[in-house]
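Participant: One letter stands for each residue in the lines below.
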Amino acid sequence: MNFIDQVIDKRKNWISISGVIIVLTLIMFLIRGLNFGIDFTGGSILHFEIGEEFETQEIREVLQNHGLEDSVIQKAGGEGEESEVVIRTVSLDEDERNEIFNSMQQVWPQMTEDSILRSDNVGGVIGAELRQQAIIALSIAVVAIILYITFRFEFNFAVSAIIALINDVFFVLLLFSIFQFEIETAFVAALLTIMGYSINDTIVIFDRIRENLNLYKNYKKEEVVKMSLKRTLTRSINTSFTTLIVLGSLFIFGGITIRPFVAALLFGVIIGTYSSIFLAPNVWLILQDRLGSKKKFNASSHSEA
Amino acid sequence: MIKWNKFFLLIVILALVVGLLYPTSSYVRDNANLGLDLAGGVYVLLEAEDVDDEVDEDDAVERAMTVIRSRVDELGVSEPVLQREGRNRIRIELAGEDLDRDEAMEVIGRTAQLKFFGPEILDDPDFDADVIREVEEEEQTEVISQEVLDRHEPLLTGDDLADASASYDPQGRPFVGIEFTSEGRDKFAEATTQYVNQPILMVLDNEVISAPNVNEPITGGNASIENVGDISEASNIALMLRTGALPVTLNELETRTVGPTLGAELLDNSVVAASIGLGLVLLFMVAFYRLPGIMSCFALGLYLIILFMVLIGIGATFTLPGIAGLVLSIGMAVDANVIIFERIKEELRDKKTLRTSVDSGFKKALSTILDSNVTTLIGASILFYFGTGPVRGFAVTLTIGILASMFTAIIFSKFILKTLVQTRMVKNTKYFGV
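Note that the protein sequences, when read in sequence, are chains X and C. Position in the first sequence counted from 1, then plus 1129, gives you this note's numbering. Position in the second sequence counted from 1, then plus 365, gives you this note's numbering.
Hints may be right or wrong, so weigh each one.
Claimed, not checked - Derived list of chain X stretches under chain C, where covered just means 3 residues or more per stretch with a C-beta under 8 Å from a C-beta of chain C:
hint, stretch
1, 1134 to 1147
2, 1184 to 1193
3, 1214 to 1227
4, 1258 to 1270
5, 1358 to 1371
What the hints assert, rightly or not - Which residues of chain C face chain X? A few of them, derived with a C-beta cut under 10 Å, are:
hint, residue
6, Glu412
7, Ala413
8, Arg621
9, Asp700
10, Ser737
Just so you know, these hints were derived from the structure itself, not from any lab. For glycine and all other residues, C-beta sits at the position ideal for the given N, C-alpha and C.
Only chain X is shown next, with the shape it has when bound in the complex (with noise of 0.2 Å):
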């Protein structure tokens, strides 16, 4: 298969469009930043059911008579009508928001209790502590996946599968910092998703990598991954596949609300099956001509006839 000998043989190519993707990210993140929901910043979503079309400058003339003139106001509904707002702003306590809700009333005296779909606050303080909570989190299960790998496997590869995560990592952040999706907490859901995903799909091409080490010692380490990627490929397009299957017709079926996540983990999957393939198996050779192996490896679950 001419297709993967391509993947191997340009490798330095293909790990520059990676080191591309994290710069790109890094500048992005300079330029425009991420557009943090108030999971983690704090503030307050309105979400109502006005039940008759409208405009936001009407909105916008409740609020200024709180004071809140600045905030987001965005139209939200079903096909054809758009009679729902969703009002983003700063942290309101109860009160204020019952008071909101009051004016809202006036103007639009058919809004009932039921027309609140969702009244969300969080404050300043829990904001700050679940995004610190959340990269604590994520730290030390990547360490742990690195002290797996390097004891399953060896050091190099546990770099790369690691690499190859956040190349994927980089790579959604940088699509929601351009097209500025809003970060709440399913979005963590599903960035640890995507992270699940390619460090599995990662390992199984790495345990057929190990697997044929061991079986054919005197080829190249470059045939030796060219092979077990050619013999793997069929399952990495197939298991990626079937997991989009899933996820368009969540994407298709499953309503605006989870658009956003269900696009996360879309891209995230897609990335994932290309950084297993084009990435880790790259960089795990590139270790090894420079730092070469400690290790002999012993594929330890099954012996090989």
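Chain C: place on chain X using the hints.
Facilitator: Same frame as chain X, now just chain C:
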């Protein structure tokens, strides 16, 4: 020679899986705990205001939780979640379609310290004398500062109450009737004797809600709070008085209320979307892997049964991040089958017999599946241990999903595929997608 006994064994096992699917799905529908984002409801995170002494604080937070629990119980919320987080925080989750969100918010957070003050408080230089007139004549409540309240000893407090209930007076105005404990009755009789023709102030938290003039000594142990707005406000106040005051002021750190329609829509859509997606995946598996593909449908069926039964068994709550974990674990369950079938195909291409191919295919796929799943499992368990809230929900579904998928792929799939081969009905490797 077809081995009919193996064939019947296979049919019975497959029929059993199919037979279990329906009761499981209706059981899941009836018993699944839906999170706020899917069911609608209220989520509040409260933090106790500074208490200097750590032992006192611990005790105060514990007592506050007891008070909130009884308030929530009186609201009639089914399966409320009430948890202490860290040293001085309380997390409350009330899910449900019938919940009156405003009422719940009102009832949970109010300290509800009821105090009776004598007329001396009127002489306080910082006390606005207009308060009495406004409360009594214009029937509105007036806020007075905590400093003023702290300077005066209350005549009675909420501790002296035995019971409180809302009802209407003869003019049809709602009021809260209170009944004192025997100790409270003595104190109230003494106070009303002392202050005949003078006002007594009833203060709930920082609000003067009533300041009636004492006409004659009241010895019967009953009193009433008027000027309480409508009847639902009256019953909320009564409820808070019955369940007692919070021993500490709680500040709202985070609140989320989700309307029932938004959540229900999300849930319906997700279920439809997931079913369509899963159906297409099964179709793909059958088209691509033929007979093993068909077997994998049953394996995935069993996987879903185990996954959902365990999730419900441990009382897990289904939330949006949980669904993400679910999607990933379904992906990994399919992946395990794909890895195995690809291995079997490789063995068949090497011209091995069907029987040895299935055997060695499983054997070789085992280490791959173990390593990839264990790596993800390590990540998931660390997230569970260190994460909170949504991160945790994700980790729980993912962990159980991985375990269920390993079981079905390694044990169940292997068993039914081997049995299928042992029936000796399948000779042609075409049926294995080669």
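Participant: Does the structure break any of the earlier hints, and which numbers would those be?
Facilitator: 1, 2, 7
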